[in-house]
Amino acid sequence: MEVFGIPIQAMMGQLLIGLINGSFYALLSLGLAVIFGLLNIINFTHGAQYMLGAFGAYLLMNHLGLGYWWSLLLVPILVGIIGVIIERTMLFRLYKLDHLYGLLLTFGLALMIQGYFRHQYGSTGLPYSMPEQLLGGINLGFMFLPKYRGWVIIASLIVCLTTWFVIERTKLGGYLRAATENPQIVQAFGINVPRMITLTYGFGVGLAALAGVMAAPIYQVSPQMGADLIIVVFAVVVIGGMGSIMGAIVTGFGLGLIEGLTKVFYPEASSTVIFIIMTIVLLIRPAGLFGTQK
Amino acid sequence: MKLKLIAGLVASMGMLAGVAQAQISGNVVKIGVMNDMSGVYADIGGPGSVLAARMAVEDYLKESKSNLKVEIVSADHQNKPDVGSSIARKWYDSDGVDMIIDVPTSSVGLAIHQVTKEKGKVHINTGSATSDLTGKDCSPNTVHWLYDTWMLAHGTGSAVVKSGGDTWFFLTADYAFGHALERDTSEVVKASGGKILGSVKVPLATQDFSSFLLQAQSSKAKIIGLANAGGDTINSIKQAAEFGIVKGGQKLAGLLVFLPDVHGLGLNTAQGLNVTEAWYWDLNDTSRAWAKRFTEANKGKFPSSDHAGVYAGVLHYLKAIDAAKTDDGSKVVAKMKEMPTDDPLFGKGSIRADGRKIHPVYLFEVKAPSESKGPYDYYKLKQTIPADQAFRPMSEGQCPLVAQK
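Note that the protein sequences, when read in sequence, are chains A and B. Using this note's numbering, the letters of the first sequence map in sequence onto residues 599 to 892. Using this note's numbering, the letters of the second sequence map in sequence onto residues 4 to 408.
I should point out that these hints are in silico values taken from the structure, not numbers from a laboratory. Since the structure is predicted, the reported quantities are computational estimates derived from the model, not experimental observations. Treat the hints with care, as some may be off.
[Stated by the list, open to error] Across the chosen pairs, the derived CB separations fall in these ranges:
#: 1; chain 1: A; residue 1: G665; chain 2: B; residue 2: G377; range: 20 to 28 Å
#: 2; chain 1: A; residue 1: L881; chain 2: B; residue 2: V249; range: 42 to 50 Å
#: 3; chain 1: A; residue 1: E730; chain 2: B; residue 2: D288; range: 39 to 47 Å
#: 4; chain 1: A; residue 1: L881; chain 2: B; residue 2: G99; range: 43 to 51 Å
#: 5; chain 1: A; residue 1: S727; chain 2: B; residue 2: P347; range: 32 to 40 Å
#: 6; chain 1: A; residue 1: L709; chain 2: B; residue 2: K383; range: 37 to 45 Å
#: 7; chain 1: B; residue 1: G377; chain 2: A; residue 2: Y773; range: 54 to 62 Å
#: 8; chain 1: B; residue 1: G201; chain 2: A; residue 2: E730; range: 30 to 38 Å
#: 9; chain 1: B; residue 1: I361; chain 2: A; residue 2: I679; range: 54 to 62 Å
C-beta atoms are modelled at their ideal positions from N, C-alpha and C, and glycine is treated no differently.
Make a model of the complete structure from these sequences and hints.
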């Protein structure tokens, strides 16, 4: 059986790979959407924070001998703390100003962080080996699925859905959403709004670092890794609707799939297809697929 | 804006009297090192090339007692032809630069090659691979020093076909270099009796190759030829291991692999790869001694063959200026071609009328982790291809400069 001249088995393989890439888009765009939705900051440092996650895993492994699973736990916390420091010392001054200021600050920070790592570690990147438990793969009949890639899909789905649930369906999430609508009133109810916002930023940054740790064994741990990805992820967030949590998750996975198909039918366009979709979506629905016009 | 003019050392040994005899524009020879300072190819060239050029200037002035004043500037072309050509124009038109060296990324290399010809200056290319620089696009102002796609294709390509890899599928970087490398390798494979089953063009700096690898896998080709470079090659090799492609019986042929790439992959993943290079630090005593000096000044990172090419290229360029007593671009390149080359890293060699620098080329195999005895001890020599066989014969290159003769 064939679909558009491609054997159906090969097609299934490509779709699955699209989903795997989609998991990274979803995880990263989720962090961005949380930060934008609740802080109104366009966090251009996100790519650098993702890179910090991967480097964090590398450094823990080589200096402290801590393996992948420890990194998965510790690195998001450590990088999250760096995020909290950035928020407390710099970002909080910008909330009342235009979006552009936050964008410029975070973009500048990203360049500085990437520049520092390039200076220290070079541009080629560093090797990071896969955890032993996830070596090898499973033969699915239509393709060979490396266990690690399977784990990436599952882990990313769990993290995405949990985050969505906490923000959209719990009391804590309710406070957060209320605080972005009207911080004064929420403050009046005795909730420490600035601290909540700081922690939210730390959480969003931690998500980027988590994606970075998960990426370390499959991509090269290099200073550029975030910069290459962040533009695509921004397109994902824009298509999903700035600040929409579910939008970020669904578009992340969806665009991974579309990109995967492009790689089969017209590989030359695989690095551009997401931007073409972005243009079309912005023309038809300026607020994005899941966004609401304010 | 991103143009970083790191004014290098100004070597001023002689007084004006010595300089006045030779016709040196602005009384100073200005060398521009242009490459990828921050992207996928930055460890292959990058700041290391500036260091190599500086070492060459120091060594030349010390040994020859020449009175030349030499200055080095550098810039980041970001792998973009438009960025590269506008820097080159500014350098040649208003900054008094006489020669541009390095320039990896074939699309940028071809652009600088054109600008240099138009302005009558000198371009010594050590970083780009496309064999078109000395083929149909050849120029009287360019010397192509280190390697090219024809050489890579014949070195690695024929070795792989000989050892039984007779069906190929290419993962090709989608720009001038990848296209040229795929074309040249396909010719070698077909000429040696092999077959090409297909190819896929991958955008530069793609993160995830799994989709393309899967296409290569389903082609059932024995060899997956990687017509890419730098970070792209690293990612494709790493992910091929992950998807069990090598275990499934297919082999990878990295057509352009540099020493820093092997370092980034780690020997565990890279072992067994065939690599064709024109220079390696562990070839002989002089190359080891030079590599030691370089490494100490380069934060422990060993030199790539590109760095060696920049060093040797600058040496020969300065020699030619002193011999021709001018820094006029066309005259200097003519002198460079006329004089035999002789330097500590590549030994004795020559530059052909089409601009191709000729030297022996080596086919290496990447060592297994157990065979490696020290830092960057990665290659074992399998075969030396003599200088007269390593590069495309001039008669096949269709270079108009040669046809005129």
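A quick look at each hint next to the structure:
Distance hint check: the CB atoms of A:G665 and B:G377 are about 27 Å apart, consistent with the given range 20 to 28 Å. As the Cβ distance of A:L881 to B:V249 is approximately 46 Å, the hint placing it in 42 to 50 Å holds. For A:E730 and B:D288, the hinted distance range of 39 to 47 Å is satisfied, since their beta carbons lie about 42 Å from each other. Distance hint check: the CB atoms of A:L881 and B:G99 are about 49 Å apart, consistent with the given range 43 to 51 Å.
Taking the beta carbon of each, A:S727 and B:P347 are about 38 Å apart, inside 32 to 40 Å as hinted. At roughly 41 Å, the beta carbons of A:L709 and B:K383 sit within the given window of 37 to 45 Å. In this structure, B:G377 and A:Y773 meet the distance hint of 54 to 62 Å, their C-beta atoms being roughly 59 Å apart. Between B:G201 and A:E730 the C-beta distance comes to about 35 Å, which sits within the given range of 30 to 38 Å.
Distance hint check: the CB atoms of B:I361 and A:I679 are about 58 Å apart, consistent with the given range 54 to 62 Å.
Every hint, counting from the list given before, is met by this structure.
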